[in-house]
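Asker: Here the numbering used here is used: the first residue of the sequence shown is 1, the next is one more, and so on.
Where hints are given, some of them may not hold.
[Claimed, not checked] With a straight-line cut-off of 27 Å between C-alpha atoms, the simulated DSS-like cross-links for lysine-lysine are:
#, residue 1, residue 2
1, Lys-92, Lys-73
2, Lys-37, Lys-13
3, Lys-88, Lys-13
4, Lys-92, Lys-37
5, Lys-13, Lys-73
6, Lys-37, Lys-64
[Unchecked claim] For each label pair, taking beta carbons as the anchor points, the in silico distance ranges come out as:
#, residue 1, residue 2, range
7, Gln-86, Glu-47, 24 to 32 Å
8, Asp-42, Lys-92, 14 to 22 Å
9, Ala-78, Pro-58, 13 to 21 Å
Hints are computed from structural coordinates only; laboratory data are not their basis.
None of these values were measured; they are calculated from a predicted model.
The C-beta atom is built at its ideal place from N, Cα and C for all residues, glycine as well.
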Amino acid sequence: MAAEEAGNPVPPKRFRSVYLDTGQSGRGPRGIALAAKVFGADRILFESDSGPTESIVPTIESVKRAALTADEKALIFAGNGVRLLQAKGVGKS
1 MAAEEAGNPV
11 PPKRFRSVYL
21 DTGQSGRGPR
31 GIALAAKVFG
41 ADRILFESDS
51 GPTESIVPTI
61 ESVKRAALTA
71 DEKALIFAGN
81 GVRLLQAKGV
91 GKS
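Let the sequences and hints guide you as you build the complete structure.
Answerer: If you want it as structure tokens, here you go:
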């Protein structure tokens with residue numbers, strides 16, 4: 001990623017509204033960890049429905065094996081999605 005190569009792991013402000021998803025995690029745990037380093041774990045959403053796959057287990061395992069804290073993994077698996085939905089009024093009592 002360009003930001004990483006430039007030695008600047010913080011994306012420009014214009015990218016603060018960008019969210020990434022785990023998709024099929026083509027780059028595996030390393031790619032997820034790098035995305036979290038560059039964009040922040042608070043900008044990654046767990047995603048399981050991209051393309052025809054036999055199982056979402058590889059995507060789950062990629063997040064679990066990524067060099068991230070337990071809190072960062074919790075954000076990716078659920079926290080970020082909940083936060084975004086609640087911001088739109090979904091799931092609020």
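Asker: Taking the hints in turn, state whether each one holds.
Answerer: Evaluation of the provided hints:
no.	hint	result
1	Lys-92 / Lys-73	holds (23 Å)
2	Lys-37 / Lys-13	holds (15 Å)
3	Lys-88 / Lys-13	holds (22 Å)
4	Lys-92 / Lys-37	violated (30 Å)
5	Lys-13 / Lys-73	holds (24 Å)
6	Lys-37 / Lys-64	holds (16 Å)
7	Gln-86 / Glu-47: 24 to 32 Å	violated (18 Å)
8	Asp-42 / Lys-92: 14 to 22 Å	holds (20 Å)
9	Ala-78 / Pro-58: 13 to 21 Å	holds (19 Å)
In terms of the numbered hints stated before, the structure departs from hints 4 and 7, listed from lowest to highest.
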